[in-house]
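Enquirer: As you go down the protein sequences, you meet chains Z and S in turn.
At position 63 of the first sequence the residue is numbered 63 (the numbering used here), and the sequence of numbers has no breaks.
Quick note: to get the numbering used here, add 1000 to the position in the second sequence (first position is 1).
For the record, the hints were derived by calculation from the structure and aren't laboratory data.
As the structure is a prediction and not an experimental result, all values here were calculated from the model.
Treat the hints with care, since some could be wrong.
With a Cα cut of at most 25 Å, we get these calculated BS3-like pairs of lysine-lysine [stated by the list, open to error]:
#, chain 1, residue 1, chain 2, residue 2
1, Z, K288, S, K1091
2, Z, K23, S, K1091
3, Z, K288, S, K1220
4, S, K1026, Z, K66
5, S, K1091, Z, K194
Which residues of chain Z face chain S? A partial, calculated answer using Cβ under 7 Å [said to hold, decoys possible]:
#, residue
6, G31
7, T40
8, R42
9, E111
10, T113
Derived CB-CB ranges, DEER-like [claimed, not checked]:
#, chain 1, residue 1, chain 2, residue 2, range
11, S, R1088, Z, K194, 30 to 36 Å
12, Z, F50, S, P1151, 17 to 23 Å
13, Z, W257, S, T1149, 46 to 52 Å
In this text, a Cβ means the ideal position worked out from N, Cα and C, and glycines have one as well.
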Amino acid sequence: MREKPSVSQAEAWHPRNSLLELKHELIGLAGVVERNVYLTRRYIYWDLAFFVWTVANTLTIVFIAKGIEASGGEIDVDRATTTLLIGAVVWAYLGIIFEFLTETVAWERWEGTIEYTFMAPLSRAMHLGGSGVFAVLYGLVRAILLFAVVAAFFGLQFDDANFAAALVILIVASVSFFGIGMMTAVLPLISPEKGAQLGFVAQGMLLVVSGVYYPVEVLPGWMQWLATISPATYALDGIRASILDGASLGSLWHDIWPLLIIGAACIPLGLAIFNRGEVYAKRHGKLKRSG
Amino acid sequence: MKELSPVPPDALAVETHDLRKEFVRKDRDRGKRRVAALERVTLAIARGECVAILGQNGSGKSTLVRLLSTLLLPDGGSARVFGYDVVREDKAVRRLVNRVSVEASFFKKMSPSENLHYAARFYGMTPSETSEQIPAILERVGFPPDRRTEPMENLSRGMQQKVALARALLTSPVLLLLDEPTTGLDPRSKLEVQDFVREMRSVHDSTILLCTHDLAEAEKLAERVGILDRGRLLALEPAADLKGRFGADTLEEAFFAATGRGFEDEEDELDAEERKVLA
Chain Z
1 MREKPSVSQA EAWHPRNSLL ELKHELIGLA GVVERNVYLT RRYIYWDLAF
51 FVWTVANTLT IVFIAKGIEA SGGEIDVDRA TTTLLIGAVV WAYLGIIFEF
101 LTETVAWERW EGTIEYTFMA PLSRAMHLGG SGVFAVLYGL VRAILLFAVV
151 AAFFGLQFDD ANFAAALVIL IVASVSFFGI GMMTAVLPLI SPEKGAQLGF
201 VAQGMLLVVS GVYYPVEVLP GWMQWLATIS PATYALDGIR ASILDGASLG
251 SLWHDIWPLL IIGAACIPLG LAIFNRGEVY AKRHGKLKRS G
Chain S
1001 MKELSPVPPD ALAVETHDLR KEFVRKDRDR GKRRVAALER VTLAIARGEC
1051 VAILGQNGSG KSTLVRLLST LLLPDGGSAR VFGYDVVRED KAVRRLVNRV
1101 SVEASFFKKM SPSENLHYAA RFYGMTPSET SEQIPAILER VGFPPDRRTE
1151 PMENLSRGMQ QKVALARALL TSPVLLLLDE PTTGLDPRSK LEVQDFVREM
1201 RSVHDSTILL CTHDLAEAEK LAERVGILDR GRLLALEPAA DLKGRFGADT
1251 LEEAFFAATG RGFEDEEDEL DAEERKVLA
């Protein structure tokens, strides 16, 4: 049995003992990842079912390229198909990131564990960070599988593609997506009933201004301005350039530096917004189980 | 960051002064108004003491537990746990406190073992520590070894509550908050929980705040018994003194004399009240 902690050991958690504190925080972060591994294992058949749904949904979008050709339009079908496929994969990836982060609160509330988690001595940054790390790893696996399955379905060839560069762009963009995801994760704290669904609204708003299936240039001026501050714009642009044209990381710097800056701003902003939401929930008694 | 002063060895386990919590209540007829869940509660619990708080549904027991476990912010007054303020030094408080409540609250698809691993990580316990300690603790609370890998949803309420006790024991809380831990349990499970409370005190030197409906349980386990009624702490003293003060033979009679109402009276009404007020 664990050695009994003395009252003075509470001070071991104080920043004066920063190395021990960091160790405990990282163990806590790993605990969230570990829990999500357990849950994914338990719900694996549901995940397979949702994957089939995602593939079907992606096909409905990607077939549009062939539809235009069949209607008499003159387009490079393979290039248009790949452009749409990348948009659909980024959409699905972003959906997974937002879903996991939003469920950090929503799922725990549904299971009734929310009070135990929020009264544990783990910083909210590490708590949400654990959800974010798992979401990125799981999302990458799902995105790669989705891309491979749909590309194989259409028999797409990628002789010149630079997949490594595309992966790096997606990982760099994930930092920003994580920050924005923290902002959406606060919604179930404020509104236990409808908050989780509002995460989908944020996902849609982000992608609609970012040129998910079309060039940003076709958008109205005010939406184009919003596109410049959306990390998805640079992610889509960089991934398309690396897969369609084989662009190297060096030549994608114009996409990478905005992603780094937006990411650096989104993480502290997301955390600050979540902390405000947590204070609101504690003030109004919303930090409790439902059902 | 601010440096914390060393904790005085004689610090009280729990100390509240004029602690107050209100919730906004929306009513179609009367509009939005604030309703007090706790009104100027002042109490002190010494280290190693077991204090029981009696009260009907909606009396403020759970609100008190949530305030002490940093899940709610007070609207007035102060609360300290071993000298740490629950608002300003919440992380230090969280390190010292754990809780067992009426609902076991676990991830239902995960096994007892997986749930405990998850909970322990938040307290900085490594996989090697938990691999060794979780089987030992589950054995200690009488959980059958062959059911450790079953999903929680397959377990009875009594079994789930044993896992909840194991979760509390695993993190070795210096202050254990028990919020109706035996409500709805069969007599045997109830006795096991009561044994657990005694062990937490005798072996682990924990301080215990027990909120309960069970008057006999309160009398058996606690040195002092408090009566919380509509958010007000009417009394906090040894059960014998409480009975003596009201000239009562039983705690139930003392409760009636203190509040003007029986323990079971108006429960439905107050239950509905609580749901509205605390929603």
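Enquirer: Run every hint past the structure and note whether it holds.
Expert: Hint check:
1. Proposed proximity of K288(Z) and K1091(S) is supported: the alpha carbons are some 19 Å apart, at most 25 Å.
2. For the hint pairing K23(Z) with K1091(S), the CA-to-CA distance comes to about 15 Å; that is within 25 Å, so the pair holds.
3. Taking the CA atoms of K288(Z) and K1220(S), the gap is about 30 Å. The hint is violated against a cut of 25 Å.
4. Restraint check for K1026(S) and K66(Z): not satisfied, since their Cα atoms lie roughly 56 Å apart, outside the 25 Å limit.
5. For a cut-off of 25 Å, the pair hint linking K1091(S) to K194(Z) is broken: about 30 Å separates their Cα positions.
6. Hint on G31(Z) holds. Least Cβ distance to chain S is approximately 2 Å, under the 7 Å limit.
7. For T40(Z), the suggested interface contact is broken, since its CB lies about 10 Å from the closest CB of chain S, more than 7 Å.
8. Because the closest C-beta pair between R42(Z) and chain S is about 4 Å apart, less than 7 Å, the hint holds.
9. Of the supplied interface hints, the one on E111(Z) holds, with its beta-carbon coming within about 5 Å of a beta-carbon of chain S, less than 7 Å.
10. Taking 7 Å as the C-beta cut-off, the interface hint given for T113(Z) holds, the closest approach to chain S being about 5 Å.
11. Between R1088(S) and K194(Z) the beta carbon distance is about 33 Å. The supplied range of 30 to 36 Å therefore holds.
12. Range check, F50(Z) to P1151(S): Cβ separation about 20 Å, and the 17 to 23 Å hint holds.
13. Separation of W257(Z) from T1149(S) is about 49 Å and conforms to the stated range, judged on CB atoms against 46 to 52 Å.
Hints 3, 4, 5 and 7 from the earlier list are contradicted by this structure; the remaining hints agree with it.
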